[in-house]
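Given these sequences and hints, build the entire structure.
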Amino acid sequence: MMTLFYVALGTLFGFILSRSGAADYNYIQGMFLFEEFQLYGIIGTAVALTAPGIWLLKRYGKTLTGKPLVVERKAGHRGNVYGGILFGVGWSITGMCPGPVLVNVGEGKLYALAALAGVLAGAALFGCSYRVLTRPFRLPPLAVGTGEG
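Per our numbering, the sequence shown starts with residue -8, numbered consecutively.
Hints are not guaranteed to be accurate.
[Claimed, not checked] Simulated restraints on C-beta separations:
no., residue 1, residue 2, range
1, Gly90, Ala42, 14 to 24 Å
2, Gly1, Glu63, 16 to 26 Å
3, Lys53, Leu24, 41 to 51 Å
4, Arg126, Tyr51, 33 to 43 Å
These are computed hints drawn from the structure, not numbers from a lab. Computed from a predicted structure; not experimentally measured. Here a beta-carbon is modelled for each residue, glycine too, at the ideal position from N, C-alpha and C.
Structure, rendered in structure tokens:
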């Protein structure tokens, strides 16, 4: 049942990305060239709404089983910087980050298939090379969970 709920939320999120222009290559390129400012407003609105929501969840939130919601702070390391740079370069070149890639595929844009292949290949390459990258980037040990959140 929860899977259907997550699919519905993902579909709603994709619809919002599509209608707002956040998945449109021209808007994204315009944002990076400082010619279009619509996406800055969308991102600012998302931060303005999400930050207090996360604060409230951390303060008063409970899990479905009634336990207090715990959001752990992640340690910073140089991998965050290099990963952020790599993410930004990929975003500016393709005009898509992982969410909009799926939106563009769903809209039938063929060029998005190349971006999707890049996302999947990059994730696979990172997963396979994580142990090698741990020392030079001072990455934390990989923690594999149950997949249940």
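Hint check:
1. Between Gly90 and Ala42 the C-beta distance comes to about 19 Å, which sits within the given range of 14 to 24 Å.
2. Between Gly1 and Glu63 the beta carbons are some 24 Å apart, a value that agrees with the proposed interval 16 to 26 Å.
3. Taken as a hint, the range 41 to 51 Å holds for the pair Lys53 and Leu24, whose Cβ atoms sit roughly 45 Å apart.
4. Between Arg126 and Tyr51 the beta carbon distance is about 41 Å. The supplied range of 33 to 43 Å therefore holds.
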